[in-house]
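If you want the building blocks of each chain, they are given just below.
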Amino acid sequence: DAKTTQPPSMDCAEGRAANLPCNHSTISGNEYVYWYRQIHSQGPQYIIHGLKNNETNEMASLIITEDRKSSTLILPHATLRDTAVYYCIVRGNDYKLSFGAGTTVTVRA
Amino acid sequence: EPEVTQTPSHQVTQMGQEVILRCVPISNHLYFYWYRQILGQKVEFLVSFYNNEISEKSEIFDDQFSVERPDGSNFTLKIRSTKLEDSAMYFCASSEWGRDEQYFGPGTRLTVT
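So the sequences go chain by chain: A and B. If you read the first sequence in the numbering used here, its first letter stands for residue 1, the second for the next number, and so on. If you read the second sequence in the numbering used here, its first letter stands for residue 1, the second for the next number, and so on.
Among the hints, a few may not be true.
Stated by the list, open to error - Stretches of chain A that chain B covers, calculated by requiring three or more beta carbons in the stretch to come under 8 Å of a beta carbon on chain B: (1) 9–19; (2) 96–108.
Stated by the list, open to error - Partial chain B-side listing against chain A, Cβ under 10 Å, derived: (3) F45; (4) S48; (5) D62; (6) F65; (7) Y103.
Said to hold, decoys possible - With a cut-off of at most 25 Å between alpha-carbon atoms, the simulated SDA-like pairs for lysine to any residue come out as follows: (8) K42/B <-> T104/A; (9) K96/A <-> E68/B; (10) K96/A <-> T113/B; (11) K96/A <-> N74/B; (12) K52/A <-> W97/B; (13) K3/A <-> R22/B; (14) K42/B <-> I74/A; (15) K42/B <-> R16/A; (16) K96/A <-> M15/B; (17) K57/B <-> T104/A; (18) K96/A <-> F61/B; (19) K3/A <-> R99/B; (20) K83/B <-> Q42/A; (21) K96/A <-> Q17/B; (22) K96/A <-> S66/B; (23) K57/B <-> Y46/A; (24) K96/A <-> K78/B; (25) K96/A <-> Q14/B; (26) K83/B <-> R99/B; (27) K3/A <-> Q41/B; (28) K52/A <-> T5/B; (29) K96/A <-> S9/B; (30) K96/A <-> G72/B; (31) K52/A <-> A13/A; (32) K96/A <-> A17/A; (33) K96/A <-> S41/A; (34) K42/B <-> Y32/A; (35) K78/B <-> E1/B; (36) K69/A <-> S41/A.
Everything labelled a hint here was simulated from the structure, so no lab data went into it. Glycine included, each C-beta is placed from N, C-alpha and C at the ideal position.
Make a model of the complete structure from these sequences and hints.
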């Protein structure tokens with residue numbers, strides 16, 4: 001699976017959009033981009049995934065660049081409960097998810 | 001909303017003892033997984049399981065580990081002879097199909113003394 005690069009941490013103001021970047025320059029054509037988050041040692045929580053097209057669900061939006069070398073997870077209106085570690089994972093034909101260090105997002109009131 | 005459950009939430013055991021961690025995956029899911037997270041470290045994949053067989057395993061998943069689906073609802077991880085370094089949070093996950101999104105349980109904290 002392709003390696004991902006995320007900033008180690010970022011702050012966000014409550015009520016504002018949080019834009020979380022991820023670089024995956026070695027992604028190959030059949031690999032998906034997945035986003036998970038982990039709130040304080042709880043089990044990782046699935047957020048969203050995509051292949052080429054932008055995706056949106058009730059939690060977030062995923063914007064993937066046309067060359068697929070990077071993506072951005074958007075939390076449209078961050079709340080204090082969105083404080084978590086966010087993981088960007090590129091996944092091909094494996095069953096496993098390979099977690100990195102992720103981005104620690106702190107939402108401030 | 002269906003969820004993955006795990007028991008116990010915390011297990012303390014002595015080095016050399018056997019432990020069994022239990023998970024109830026989401027009922028219509030066919031693929032099951034175990035991950036672990038040592039305190040302060042990354043979440044690491046251990047094993048995936050489908051149709052009563054291991055489909056993929058990591059280097060961590062050595063002969064000390066085994067998995068089983070003893071009935072139609074439970075999925076277990078057994079560690080035969082625990083070591084201090086097995087102390088970690090163990091997460092069970094399930095997915096409807098093999099490459100779908102995985103849904104994680106709340107974890108079992110295993111402490112080996």
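Taking the hints in turn, this is what the structure says about them:
{"no.": "1", "hint": "9–19", "verdict": "violated (count 0)"}
{"no.": "2", "hint": "96–108", "verdict": "holds (count 6)"}
{"no.": "3", "hint": "F45", "verdict": "holds (4 Å)"}
{"no.": "4", "hint": "S48", "verdict": "holds (4 Å)"}
{"no.": "5", "hint": "D62", "verdict": "violated (16 Å)"}
{"no.": "6", "hint": "F65", "verdict": "violated (15 Å)"}
{"no.": "7", "hint": "Y103", "verdict": "holds (6 Å)"}
{"no.": "8", "hint": "K42/B <-> T104/A", "verdict": "holds (13 Å)"}
{"no.": "9", "hint": "K96/A <-> E68/B", "verdict": "holds (18 Å)"}
{"no.": "10", "hint": "K96/A <-> T113/B", "verdict": "violated (30 Å)"}
{"no.": "11", "hint": "K96/A <-> N74/B", "verdict": "holds (20 Å)"}
{"no.": "12", "hint": "K52/A <-> W97/B", "verdict": "holds (21 Å)"}
{"no.": "13", "hint": "K3/A <-> R22/B", "verdict": "violated (32 Å)"}
{"no.": "14", "hint": "K42/B <-> I74/A", "verdict": "holds (23 Å)"}
{"no.": "15", "hint": "K42/B <-> R16/A", "verdict": "violated (28 Å)"}
{"no.": "16", "hint": "K96/A <-> M15/B", "verdict": "violated (29 Å)"}
{"no.": "17", "hint": "K57/B <-> T104/A", "verdict": "violated (28 Å)"}
{"no.": "18", "hint": "K96/A <-> F61/B", "verdict": "holds (13 Å)"}
{"no.": "19", "hint": "K3/A <-> R99/B", "verdict": "holds (18 Å)"}
{"no.": "20", "hint": "K83/B <-> Q42/A", "verdict": "holds (23 Å)"}
{"no.": "21", "hint": "K96/A <-> Q17/B", "verdict": "violated (28 Å)"}
{"no.": "22", "hint": "K96/A <-> S66/B", "verdict": "holds (17 Å)"}
{"no.": "23", "hint": "K57/B <-> Y46/A", "verdict": "holds (21 Å)"}
{"no.": "24", "hint": "K96/A <-> K78/B", "verdict": "holds (19 Å)"}
{"no.": "25", "hint": "K96/A <-> Q14/B", "verdict": "violated (30 Å)"}
{"no.": "26", "hint": "K83/B <-> R99/B", "verdict": "violated (32 Å)"}
{"no.": "27", "hint": "K3/A <-> Q41/B", "verdict": "holds (18 Å)"}
{"no.": "28", "hint": "K52/A <-> T5/B", "verdict": "violated (33 Å)"}
{"no.": "29", "hint": "K96/A <-> S9/B", "verdict": "holds (23 Å)"}
{"no.": "30", "hint": "K96/A <-> G72/B", "verdict": "holds (23 Å)"}
{"no.": "31", "hint": "K52/A <-> A13/A", "verdict": "violated (29 Å)"}
{"no.": "32", "hint": "K96/A <-> A17/A", "verdict": "violated (30 Å)"}
{"no.": "33", "hint": "K96/A <-> S41/A", "verdict": "holds (19 Å)"}
{"no.": "34", "hint": "K42/B <-> Y32/A", "verdict": "holds (20 Å)"}
{"no.": "35", "hint": "K78/B <-> E1/B", "verdict": "violated (28 Å)"}
{"no.": "36", "hint": "K69/A <-> S41/A", "verdict": "violated (29 Å)"}
When the structure is compared with the earlier hints, violations turn up for hints 1, 5, 6, 10, 13, 15, 16, 17, 21, 25, 26, 28, 31, 32, 35 and 36 and for no others.
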